[in-house]
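Colleague: The residues making up each chain are set out below.
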Amino acid sequence: MRKLFVPVLAITALMFAYSPIAIAYAPYESTMRLVQKIFYYHFPAWMALTVSVTVCTVASAVYLFKGSPRADRIAVAAAEITVIFGLFGLVSGSLWGRKAWGVWWQWDARLTMAFLLELIFFGYILVRNYGGPGAEKLAAAMGIFGGATAPFVYKSVDWWRTVHPKTSVMTTLGETSPEMWYVVWFCTFTILLFMGLLLAARIRLEEQRAALDQLYLAAED
Amino acid sequence: MRFFQVALLVLKKDFAIELKSYEILSTTLFFAVSCVAIFSFAFVREGEAPVDAAAGILWIAIAFSGTLALGRTFERERYGETLKALLLAPAPRPAIYLGKLLGIMTLLFATEVVVVPMVAFLFSAPFFERPLLLVALLALGTLGYASVGTLFAAMLVRARTRDVMLPILLYPITIPVIIAGVRGTSALLASPVDEPVAMLWIGLLSFFDVVFVTLSLWTFEPLMTE
Amino acid sequence: MIRRIWIAFVSLMLVGASAFAQPPQEGTSDGFVPMSSLPPGEELPAARFVVASYAFFLLLMLFYLWTIWNRLSKVEKDMKELERRNGGAAR
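Quick note, the sequences are listed as chains A, B and C, same order. Take the numbering used here: the last position of the first sequence gets the number 221, and nothing is skipped along the way. Take the numbering used here: the last position of the second sequence gets the number 447, and nothing is skipped along the way. Take the numbering used here: the last position of the third sequence gets the number 538, and nothing is skipped along the way.
Among these hints, one or two may not hold up.
[What the hints assert, rightly or not] These stretches of chain C come out as covered by chain A in the derived footprint (C-beta under 8 Å, 3 or more residues):
id: 1; segment: 451-458
id: 2; segment: 492-503
id: 3; segment: 515-529
[Claimed, not checked] Result set (DSSO-like, lysine-lysine): computed pairs, CA atoms no more than 30 Å apart in a straight line:
id: 4; chain 1: A; residue 1: 99; chain 2: C; residue 2: 524
id: 5; chain 1: C; residue 1: 521; chain 2: A; residue 2: 3
id: 6; chain 1: B; residue 1: 241; chain 2: B; residue 2: 305
id: 7; chain 1: B; residue 1: 305; chain 2: A; residue 2: 66
Calculated from the structure, these hints are not laboratory results. Just so we're clear, the structure is a prediction, and the values are computed from it rather than from any experiment. Backbone N, C-alpha and C fix where the C-beta goes; we use that ideal spot for every residue, glycine too.
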């Protein structure tokens, strides 16, 4: 797996380099026009976040019930990635909304739930750092409950009439605009690859920390 | 059924201890009342308080006093080292969780019995037009909040920074419950009473409750073992 | 036995509550509608938001990569130090 890192990094870098070109050539949206182009990173960021939340929740459950330290490392890495991508998603959405809706923020269902998700995983990081000994299990519980909240973020725009674009935008994009569809999925694939690379790097940090702890223990003997 | 017997035993134990001094009940009640009072002062304008604020203030008071009650209850357990003893007992762990949950819920219900009329009085809010719906909202909301709270408070007993961590962990996860409670209660305060909306939020609260209680029962055991 | 009853109860509640919680559905779907060119005078105010958004992405990711790199090099420095000391003590 480690051997794949550099090739994937090269491919991702190329895709990132191409993405502004693809985005610039994508057609404009008729009501939102230029500012809609934020969508081409905004949506992939939330896709990446969904993946990292799922990874964190599953890894937390595995750690809690099986005690696997590897699962714990994956969980903490995924939680940090969630916070980072969530931060970008919230800020980019806010910038988009300032132009498209006239306000920086709205307390509609999806924005509220997304913000909560961000808070939950930020709490995960806080517990890991400041919870004292045994904090890994507490954080794992946060990860599991955070994962339980996540589906509501997705479904909330379908259940409540809100100002945020509905999920049907994406499901019908193939028919409404194939060019946009290609660009969106290209960017999504790019950012997912990038997320995978970040995750791998972060997991490596945790592995090195665990190795360091082993060395400390060996030094004490 | 042994499971419920154990839960009721834990509940009886907590009752017995509490009935000796009423320490947690009185402090929680007083805190809830001061909470409502502070919010009233903050929102009153020209001698009148906005009725819309009543629902939010009610649920904030419940949430804050719930945090206090959780902290105090488990601090008592930690001080007497009774939690360790409970976990060593040959009883199913989820039953212990259920017993503690019932205790916290009873405490919160007692608080609500005082706080709801107080908010209705101070804000001239017509809470009691649909008493059954109000009771359903309060019961389901309190269950949702207390289920997550009991789990987190129990698992934080051994942590160093437990007092500060409990709100940090609890509030983001229980905000959906609070939102549902506030929206449902606001629907009850509207004139005419917006029943379908209130029922919608009651449905959502039941959904949250099922998810949270199930998750809590499931994760209680691995979280409490070292 | 209890577990089965509980699972049945949970599934019933989930189905029931989710059916309960459906608000009225809308008839219209609001998808994106593409357009090929911009009418003039519409571009400038939005550009700053688009640029800010992508710039924030770049800065945030660079920042995060920098923090990972920072922490990793600190850990590896400690590891080398310990290996040196362990190697010396073992002899």
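Colleague: Quickly compare the C-alpha distance for residue 521 of chain C and residue 3 of chain A to 30 Å and report which way the hint goes.
Modeller: holds (24 Å)
Colleague: Under a C-beta cut-off of less than 8 Å, do 3 or more residues of the segment 492-503 of chain C approach chain A closely enough to confirm the stated coverage?
Modeller: holds (count 9)
Colleague: When you check the alpha-carbon spacing of residue 99 of chain A and residue 524 of chain C, does it fall within 30 Å?
Modeller: violated (47 Å)
Colleague: Under a C-beta cut-off of less than 8 Å, do 3 or more residues of the segment 515-529 of chain C approach chain A closely enough to confirm the stated coverage?
Modeller: holds (count 8)
Colleague: Checking one constraint from the list: CA of residue 241 of chain B to CA of residue 305 of chain B, max 30 Å. Satisfied?
Modeller: holds (22 Å)
Colleague: Within 30 Å, alpha carbon to alpha carbon, are residue 305 of chain B and residue 66 of chain A?
Modeller: Holds, at about 22 Å.
Colleague: Three residues minimum, CB to CB under 8 Å: does the segment 451-458 of chain C make the cut for coverage by chain A? Let me know.
Modeller: With 0 residues in contact (Cβ-Cβ under 8 Å with chain A), the coverage given for the segment 451-458 of chain C is violated.
Comparing the model with each earlier hint shows violations of hints 1, 4; every other hint is respected.
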